[in-house]
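Based on the hints, put chains B, C and D in the right spot on chain A.
Residue numbers (my numbering), protein chains in the order written: chain A, 1 to 97; chain B, 1 to 106; chain C, 1 to 158; chain D, 1 to 191.
Calculated directly from the structure, the hints in this document are not laboratory data.
A quick note: this is a predicted structure, and the numbers were derived from the prediction, not measured.
Where hints are given, some of them may not hold.
[To be verified] SDA-like mimics (lysine to any residue), calculated; alpha carbons at most 20 Å apart, straight line: (1) C:LYS126 with C:GLY105; (2) B:LYS96 with C:SER90; (3) B:LYS94 with C:ILE94; (4) B:LYS94 with A:PRO24; (5) B:LYS96 with A:MET22; (6) B:LYS94 with C:ARG136; (7) B:LYS94 with C:SER90; (8) C:LYS128 with C:VAL98; (9) C:LYS79 with B:VAL19; (10) C:LYS128 with B:HIS90; (11) C:LYS2 with C:VAL53; (12) B:LYS96 with C:ARG136; (13) C:LYS79 with B:MET47; (14) B:LYS96 with C:ILE94; (15) C:LYS126 with B:THR79; (16) C:LYS79 with B:GLY13; (17) C:LYS128 with B:ASN86; (18) B:LYS96 with A:THR25.
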Amino acid sequence: MLTAVSLAILITMGLALARALMGPTVYDRIAAINMFGTKTVLLIAVFAFLSGRMDLLDIALVYALINFIGVVAVLKLVIYGDFHSSGKDNTKPVKVD
Amino acid sequence: MIIDILSWSCLLGGGLLGVVGGIGIHRFPDFYSRQHATGITDTLCAMLILLGLGLQAGMSFATFKLALIFMFLFLTSPTASHALANAAMHGGLKPKLDSATGKDES
Amino acid sequence: MKAFSYGVFLFVFWLLLSGHFEPLLLGLGLTSVVLTIFLAKRMNVIDHESYPVHLSSQFPAFFVYISREIVSANIDVAKRIMKFRCKSISPQLIEIPVPQKTDMGRVIYANAITLTPGTVSVELTKDKIIVHALTREAADDLSAGSMAKAIPDQVVEK
Amino acid sequence: MIDVFINITLLAFLAITAVAIVRMTNLFAIIMLFGIFSFLSAGLFVVMDAADVAFTEAAVGAGISTVLMLATIALTKDQNEKQSASHRPWLPLAVVIMTGAALVYGTLDIPVFGDPDAPAQTHVAPYYLERAVPETGVPNVVTSVLASYRGFDTLGEVVVVFTAGIAVLLLIGGRRPKSSRKKKEREGNDA
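Chain A with its partners taken away, still in its complex shape (with noise of 0.2 Å):
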C-alpha cells in the first residue's frame, strides 16, 4: 500500500517537474518548484514508514519549513526586486475588469 502511494508521489513529482522545466510563466515554474518541494516532504514522510526509520520524519518537518521560506524569499525578489523594501511603495494596485 505504501510502495503505491510513493509511486502516485512520484508521478505526481515528474508532472511538476515538467511544468517547472516547460514554465511558459516564472510563476508557472515557482508555483510547480512549491508543489515538487511538498511533494518531497510528503515522499520522505511515506519513505520513513516504509523503511520504518522515523527520524527521517524530522528531515521531513525542516523540508516544509524551508520550502516556505524559499517560496516567500523568491517571491519576494520577484515583486520587490530586492529583500529590503517592505511596504508597498512600487507596486500598483489591481483591478477588478
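This is chains B, C and D only, laid out in the frame that chain A set:
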C-alpha cells in the same frame, strides 16, 4: 483492522488526488487556473497522506511529527499560494477569464 | 506573563520533538528555549499576532468547518480536472467584501479562501479581497458569504 | 525493492534537472531549478540512509544557498542579460569528459554500497557505535563524533567559518538595520 482499511483508503485517496492535481497543472490553460490544481495537491492530497500515515503509527512521537508537518502545510501553503498569485498579478500577468459572463459580481 | 506561557509552550514543543529526557539534554533544551524567549522579547514580537492565544477557543470549530470545505472543494476541482473533452471551467475574477475587524481575522479569511481549491485570494486590502475563482459556482458561493461568518475574529484590548 | 525504484526515479529526475539547468539562459529559472536539484539530492540522501547529510542539504542547499543566490542576482541587477558564449565548447567538453571518466574509474575501487566488509564499516565505526552513547551521552552518533570526539577539529572549522563571516561583513557591511527589519517581517509572515 478497521484502522488499517481506513488508513489505506486515506493513503490511496491522497495518492490519487496527487496524480489528478499533477494532471491538472498540465490540462488547465493559464497560470491562475493551474494554481487551483496545485491547491489540490497541497491541501487534501497532503492531508490525506499524512492522516493515513498517522493512523498507521498510532499514538507516538511519529504521529506528533506528522501532525506538525500537517500544521505547517496548513499554515504555509495558502500563504505561499496567495503570495504567488499576488506576485503574478502585480507582475502584470493577466488571467484568462471566461468571456461569456462579462459582468462584475462584486 | 505572555512570555512565560510562550516559554512553557515552546518547551513542551521541544520535548515532543526530541523525545529525550536525560538531564543534560533537558538542560540544553531549556537553555535554547530561554534564549529564544529572550531574543523574541528583545525583538518585541510576542504579541497577539504572533502568538494568538485569544483565538484558541474558536479554532476547533473553524478547523472542522474548513476541513469540510476543503474536502468538498477538492472533490469538485478534481472532477473538473478529469472531465475530458468538454470545457469544464469558467475562470472569474471577483471582488468580495471583508467583514472582519482585525488584521488577524482578515488574514485568516484570505488564507481560508486560498486553502479551498477553486478559489485563490489574489489581493487583500482593508475592506475587500480580490479572488480568482476557477468556476462561476465557486465564485457565487464565495459571494454569498457563508465562509466569512465562520472565521475566528476577536478584537483584543491592548 | 521499492527503494531501488525510488532511487532510480530520483536519479533520473536529477539528470533531467541538470541538463535543463545547463541548457537554460534565464538566471532566475536556473536558481529555481537549483532548488529542485537540492530537494532531489536530499531525497536521494534520505533513501540512501544518510539522514544527517540530507538535513544539511535541506538547510543549506535548498534554503540558504537559494536565498543567497537570489540576493546576489538582486544586487547585480542584470537578471535577464543574455550572454553568448565567447569560446568554443570543445576544450571544456574534453576536460569534463576526462574528469568524469577518471571519477568513474575511481568508483571501481570503492566497496559496494552497504558492504559489511568495507573499511568504513570495520575500522573505527564500530568503536563509535558501541561507545558513543555511554561515553558522551549524545543520542545521535554523528553529532557525538562531530561535537565530542572531533571537538577540536569542529572548533577549528567553526573559527574558519566565523572569520569568513566577519570578513564578508566588513567588506559589504553597512546594511544591518534594513536586514533586521526584513527578518522580523518574514517571521510575521510565518506566524
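Hints violated by the structure (listed by number, smallest first): none
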